[in-house]
Each structure stands twice: as structure tokens, then as C-alpha cells.
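Enquirer: If you want the building blocks of each chain, they are given just below.
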Amino acid sequence: MDDLVQRFLSGERRALARIISRVENGTPEGRDYVRALFPHSGKTHIIGVTGGAGSGKSTLTGALAGEYRKRGKTVGIVAVDPSSPFTKGAILGDRIRMQDLALDPGVYMRSMAGRGALGGLAPSIADVVAVMDAFGFDYVLIETIGAGQDEVEIAGTAMTTILVNNPGTGDDIQALKAGIIEIADILVVNKADHPAADILVSQLQALLALSPAGSRRPKILKTTATKGEGLEALADAIAEHYEYLDESGQLAKHREEDARHQVLSITRQIVLERIRAATPDEELEALVKRVAARELDPHSAAEDLAASVLI
Amino acid sequence: MATPNDDTPGGTMSTSTTTAQIRVLIAKPGLDGHDRGAKVVARALRDGGCEVIYTGIRQTPEMIAEAALQEDVDVVGLSILSGAHLELFPRVVEEMKKRGVDDVLLFCGGIIPEEDTAALTKLGFKAVFRPGTNTQDIVKFVYDNVKK
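Going down the list, the protein sequences come from chains F and D.
Here the first sequence is numbered in the numbering used here, starting from 1 and rising by one per residue.
Here the second sequence is numbered in the numbering used here, starting from 312 and rising by one per residue.
Just so you know, the hints here were simulated from the structure itself, not pulled from any lab data.
Below 25 Å or equal to it, Euclidean Cα-Cα: the simulated SDA-like pairs (lysine to any residue) are: (1) D:K408 - F:A17; (2) D:K458 - F:R31; (3) D:K458 - F:T27; (4) D:K409 - F:A102.
Could you build the full structure based on these sequences and the hints that come with them?
Expert: Pasting the structure below:
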């Protein structure tokens with residue numbers, strides 16, 4: 001393990017790739033790598049890119065990374081695509097949209113399968129992002145699975161969240177709804193060469209005008225990622241947002257929130273694993289059958305299971 | 312009603328985050344204009360429980376090797392229709408070795424004459440799949456030969 005950590009710390013990309021695999025698989029060995037590398041993390045601006053399937057997240061992420069390269073910065077990218085709930089298989093196709101970066105030594109791009117996690121992310125995303133942070137990239141971009149209305153978890157991991165919207169995909173009632181739109185720090189109207197782009201921009205503006213006085217309103221920016229248009233303004237807006245976070249004390253708060261969330265979710269996982277390990281399969285199956293037959297309610301069954309470990 | 316179940320080679324629907332799916336890179340070097348076959352193979356491996364990274368058409372050997380490194384895949388499958396396999400495949404293997412990627416399972420497929428099999432085997436390709444192959448044979452090959 002030490003050898004791989006040494007190679008990682010000296011900047012070897014193969015060591016980074018190897019460690020990410022171990023971390024992604026959530027093995028005890030993977031957790032040891034997180035322990036070894038976590039102290040080196042905490043320097044990177046972590047940016048989330050989310051939005052609907054086909055909204056142009058991958059292309060925009062690639063183009064944004066390209067803009068950072070023009071500015072002499074290094075970029076790590078994690079792009080998540082969904083896993084099959086039936087076979088656990090996945091097609092990870094985000095590299096297709098990022099071909100320009102394929103041989104750039106200042107960019108590392110990793111595809112991840114969602115593996116059943118909620119929120120358009122993967123179960124080990126926080127650990128993988130910490131490892132990429134520790135590697136020393138100036139920016140880490142997280143591209144979520146195509147998100148609908150409620151996948152807000154990205155805002156917990158990312159310091160700056162970009163929501164990618166498309167013209168012609170719904171009326172202003174969609175923009176009025178609660179959920180994902182509330183977590184956006186920057187609203188991007190991608191495919192801005194579409195005739196309805198300006199209508200969407202004004203709908204979003206009208207929506208933001210209803211925000212409470214004194215709250216920070218996200219910027220609305222137009223991009224055409226396939227042509228590389230609007231990326232400079234986007235990178236500037238991201239920098240501006242980071243400055244705001246830092247000066248207002250929000251960044252420190254965000255780090256604490258993220259830490260709290262991680263500690264609690266790992267604790268939940270440990271408890272669940274202990275309970276599963278302490279419960280013979282037959283016992284679990286017997287409980288499951290009784291609940292399915294309506295002889296027992298699921299709350300009582302779960303309390304039964306938990307009691308074996310917790311008391 | 313179909314529900315997720317345990318009857319797949321990919322594993323079980325456990326709540327544990329400790330999982331290790333096989334990661335496969337399917338790549339097309341050269342100037343082939345379509346990728347029907349590569350997509351069918353990618354889909355079959357997905358249905359077999361693998362995580363398949365697909366990079367699209369017109370990849371250079373360097374791009375494929377770099378993707379194999381960054382994605383830390385267990386398996387690389389190359390697809391080619393143009394006839395340039397003896398030109399391009401050795402360069403892919405060489406570029407991977409240059410990057411220290413020397414422990415992945417290699418296979419290939421496409422329009423590849425029988426008489427070239429020996430040369431490809433020597434390069435490290437464990438199998439050559441031709442038109443008419445049952446996709447289940449490819450999935451089985453991957454599970455039987457992957458180093459996990």
C-alpha cells in the first residue's frame with residue numbers, strides 16, 4: 001500500500017487510477033487509502049454539474065475543463081452514469097463528449113457507475129473526490145447522472161453547483177417548483193442557439209425575482225457547449241461564487257455540513273453492515289416473509305433486527 | 312413484474328457498498344464509420360453485469376491507452392472493421408505498455424481474417440470474436456478470464 005501512496009504523492013496518474021478503484025469498491029483496503037490521503041485533501045475547488053439527461057452536462061463539463069486548461073489550471077473529472085438495477089452493469093459514455101481532453105496531461109477523467117446510490121451520484125463519490133482533491137488538481141468537476149427534479153445531493157459534495165437547463169423543455173411552472181432548482185449556485189441555459197433560449201432566460205429571471213430579499217441570487221448564463229461559447233463567462237462566474245463563499249464564511253460552513261453528512265452516513269453503513277453480519281440469512285428471510293405476508297409490520301421487523309446488535 | 316434480483320453474474324442487490332464490478336473498455340481504433348458491433352458487445356456486457364466504458368469511434372492508439380489507464384479497467388476489447396488491425400492493435404498494446412498498463416485482459420473482434428489470429432495471440436489478445444459470435448460467449452469469456 002505504501003508504495004502506491006508514494007507513487008500517488010509523486011503525481012503518478014496510474015497510481016491515482018488504481019487507488020480510485022480500490023476506494024470505489026469500498027473495501028477495507030480502500031478505506032485505508034482514504035485514511036492515508038485525506039490529510040492531503042481540502043485544497044481543491046469542487047464543482048458539481050447537474051441537469052437532465054441529454055441537457056449537455058458532459059459536453060459542458062468537457063468544455064469547462066478546456067477553459068480551465070487555457071487558464072493553466074489542472075482538472076480532475078468524475079462523471080457518473082447509471083447502473084442497471086437488475087444486473088448492476090452500466091454503460092459509461094461520458095468520455096465520448098470529452099475527446100478534446102483525451103491526451104491532455106493536465107486532465108484526469110474517470111467514469112463511475114451509480115451503483116444504486118440516490119441523488120445522481122455514486123456510493124463512494126465523497127471518498128473518490130477526496131482522493132482526487134489530494135492528488136492536487138486545481139479543480140474537480142463532478143458530473144451527475146441525468147437528474148430530474150429532486151436530485152439535490154450534489155450540493156452537499158460540491159462547493160459550487162451548476163444546474164444545466166435546456167430551452168423548450170417546459171413552461172415557467174417547472175421553474176417555479178421546489179427541488180433541484182433551489183440548490184443551483186449558477187443556472188446555465190445550454191444549447192443557447194435554440195430559438196427559445198431567451199424565453200427560458202427570462203422565465204428563470206422572473207423566478208429569481210421572487211427570491212427573498214437579501215438572499216444570493218444565482219447568475220443565469222447562456223452557453224452553447226458544443227461550440228465552446230459562454231465558457232469564459234461561466235468560469236468567471238464560478239470563480240466569483242468561490243470568492244463569495246470564502247468571504248462570507250459559507251465555505252467553512254459547507255465543509256462542516258459535508259463532514260457531518262459523511263460521518264453520519266458512514267456510521268449508518270457500519271451499523272447496517274454489523275447487523276447484516278450478525279444476522280443469519282435465514283433469520284432475515286423469515287422476517288421478510290412475515291412482513292410480505294402482513295403478519296408483521298416493517299418497523300417492528302427492523303427493530304427486531306437492530307436489537308440483535310444494538311442492545 | 313420485473314424486479315431487481317440476485318440471479319445475475321454481476322452480483323446481488325445487497326445494501327453493502329462493497330462491490331467490485333468488472334470494468335471493461337470497449338474501443339474502436341482507426342477510421343471505421345460505424346460501431347454497431349461494438350455497441351452490441353457493450354450492451355451484452357452491461358447486461359452481463361459489467362461496467363462498460365465506451366469511447367466512441369475514431370480513437371487513436373494513444374487515446375485508447377490513456378482511457379485504459381485513467382479508467383483502470385480490467386478488460387480492454389478492441390473492435391475493428393477496416394482491416395487495419397495488424398497496423399493499429401500493436402500500437403495500442405505498445406501505448407498501454409508505455410503507460411504501465413500491462414495486466415489487463417485483451418480481446419478483439421470485427422472483420423479479422425482467421426490467418427491473423429496467431430499474430431494477435433502473440434500480441435496478447437486472448438480471443439478474437441468474429442461476425443456471428445453469440446454475445447453470451449463474449450460475456451462468459453470475460454468472466455472466465457478476468458483477473459479479479
